[in-house]
Amino acid sequence: MPRYFFDTKDGHCVRDPEGSVLDDAQAARREGLSLLGELLRDQGEGFWETGHFSVIVTDDVGVQVVTLTTTATGASVHEIGEKPDEPAD
Amino acid sequence: MSLLTEKLERRDRLSEAEKAALADLLEPPRTVPAGADIVSEHSRPHHSTLLATGFAGRYVTLADGRRQITQIGVAGDFVDLHSLLMKQMDHGVVALTDVTVANAPHGKLRKITEDHPHLTRVLWLDTIVDAAIHRQWIAAMGRRTGLAQLAHLLAELYLRLELVGQARDHVFELPLSQPVLADSLGLSAVHISRLVGELRDSRLVEWTHPFVRITDWDRLVAVAEFDATYLRLQCDPV
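Same order as they appear, the protein sequences are chains A and B. Using this note's numbering, the first residue of the first sequence is number 1, and each one after it goes up by one. Using this note's numbering, the first residue of the second sequence is number 90, and each one after it goes up by one.
No false leads were slipped in.
If we take Cβ atoms under 8 Å as the criterion, some of the chain B residues that face chain A in the derived model are:
| no. | residue |
| --- | --- |
| 1 | Thr234 |
| 2 | Gly235 |
| 3 | Leu276 |
| 4 | Ser277 |
| 5 | Ala278 |
| 6 | Val279 |
| 7 | His280 |
| 8 | Ser282 |
| 9 | Arg283 |
Pulled from the structure, derived: some chain B residues nowhere near chain A, Cβ distances all over 12 Å:
| no. | residue |
| --- | --- |
| 10 | Leu151 |
| 11 | Glu203 |
| 12 | Asp204 |
| 13 | Val253 |
| 14 | Asp316 |
Derived by calculation from the structure, the hints in this document are not laboratory data. All residues carry an ideal CB built from backbone N, CA and C; glycine is no exception.
All chains, full assembly: derive it from the sequences and hints.
Here it is, written out as structure tokens:
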């Protein structure tokens, strides 16, 4: 069975060093969505430091399966999110 | 058998007559392979089952086939003492590893409640601690972060295994897969993998499957906001 990697990115990127063995890309997308929801819940107020959070799912040769992103929009975000975004990797 | 007596005696002293009644309670041990049900959902057992070795999972199945594990049973635990009074199981208990179990016929358990009121209270306390464990799991699943949840589970399992002499010096065997831990914490398996890495990186545990060494108990307990009161580990007459 193939191995998939689940990196995350808010201000900085957290690499998934080991990956997880899953049935197929559909299972990887499902796990990615669950992970996004669970990590957002864990972040709590920490989310507002950047106002966005992504889970990037890739397969074992580095091809992207899906990227799931949550972004805060609206005037209040600019008041809360003071830090400028770091350039993408 | 002796594991059960050992565990119960940590909470209150038992008389020789009570120990004899417990010794007479259990049928010869039998094995159940990993993945098989020890007690099935909706069954009507005529005996309660004591886990002698291995790990068991109390679980509820969802319509789409997923499951939530609501408690992990360890050696010395009755997995369904409550079936004596519940009659029909509202949940199942699965062997998470190969296990050894022993049946305690409901007729003999009922006789204990008639002949040994103090021992009955001690056994009642055991089911009360089961309920307390469920309360803590609900609070963890509903409100704690994934990291705190996993830390809480490790602290709980260590103390419960230590109680029956299955763990010491902050080291214990945890032969459970990440999908099983995911079903226990209500999280995705990918998240569990990430959390294990986090616990390792922050030097709270060394985790070389199946062995877990808690390298910094105080910090693990702080991360988990773990308070062992619910495990009722002290000897206090009932």
